[in-house]
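Engineer: Given the coordinates of chain A, assemble chain B onto it according to the supplied hints.
Protein chains: 2
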Amino acid sequence: MKKSFGKILADARKEKGLSQEQLAFESNLHRTYISQLERDIKSPSLETIKKICQALNIKTGDLINRMEGEP
Amino acid sequence: MKKSFGKILADARKEKGLSQEQLAFESNLHRTYISQLERDIKSPSLETIKKICQALNIKTGDLINRMEGEP
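So the sequence lines, in the order shown, correspond to chains A and B.
Take the first sequence: its letter number 54 is residue 54 in this note's numbering, and every next letter is one higher.
Take the second sequence: its letter number 49 is residue 49 in this note's numbering, and every next letter is one higher.
For reference, chain A alone in the conformation it holds in the complex (with noise of 0.2 Å):
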């Protein structure tokens, strides 16, 4: 995989025009974890990118096939 989550998930963030604040209040997540996630220090679960992904209203694996480099 090319792109690391944290990388594709910033992108996907600002992509919505959210600051980590908005995407952490979204998600029901800490905004300390979400700038975690994004420095690539903390590996999320599966449930974890499922709160993500709903609050960036993107699909799940869509979101995970751009870290293969996917359009």
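One or more of the hints may lead you astray.
If chains are identical, the list can't say which one is meant, so a pair holds when it fits in one copy or spans any two.
[As the list claims (entries may be wrong)] Think about it this way: if two alpha-carbon atoms lie no more than 20 Å apart in a straight line, the pair counts; the simulated SDA-like pairs of lysine to any residue are:
#1 Lys2 with Arg13
#2 Lys51 with Gly6
#3 Lys2 with Asp62
#4 Lys7 with Ala55
#5 Lys2 with Gln22
#6 Lys7 with Thr48
#7 Lys50 with Gly6
#8 Lys2 with Ala55
None of these hints come from the bench; they were simulated from the model.
Computed from a predicted model, the values in this text were never measured in an experiment.
Structural biologist: Relative to chain A, chain B alone:
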């Protein structure tokens, strides 16, 4: 999401004609853990899903999207 991760994992494994033992060997995970994932007793991390998908030779996001009932 309509299908559990355990259900789509079991389906994908069977499509490839692999036993739980074979998938465990190919993905460097324990057979007991594969069994727990398939019964939705355990929830996987992204890293685990990636290992399994590499072993099954399918794209990680494509497997995840099956949970949402996509083709």
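Engineer: Look at each hint and say if it fits the structure.
Structural biologist: Results for each hint:
Proximity of Lys2 to Arg13 under the C-alpha cut-off of 20 Å is restricted to the intra-copy arrangement: shortest distance 19 Å within a copy versus 25 Å between copies. For a Cα distance limit of 20 Å, the shortest separation of Lys51 from Gly6 qualifies both inside one copy, at 15 Å, and across copies, at 18 Å. For the homomeric pair Lys2 and Asp62, the shortest alpha-carbon distances inside one copy (15 Å) and between copies (16 Å) are both at most 20 Å. With identical chains, the CA atoms of Lys7 and Ala55 are at most 20 Å apart within one copy only, with a shortest distance of 17 Å there and 24 Å across copies.
In this assembly of identical chains, the alpha carbons of Lys2 and Gln22 never lie at most 20 Å apart, being 27 Å within a copy and 27 Å across copies at closest. Taking CA atoms no more than 20 Å apart as the test, Lys7 paired with Thr48 passes in both settings, with 16 Å inside one copy and 19 Å between copies. Proximity of Lys50 to Gly6 under the C-alpha cut-off of 20 Å is found in both arrangements, the shortest distances being 15 Å within a copy and 15 Å between copies. Taking CA atoms no more than 20 Å apart as the test, Lys2 paired with Ala55 passes between copies only; the shortest distance there is 18 Å, against 24 Å inside one copy.
Hint 5 from the earlier list is the only one contradicted by this structure; the remaining hints agree with it.
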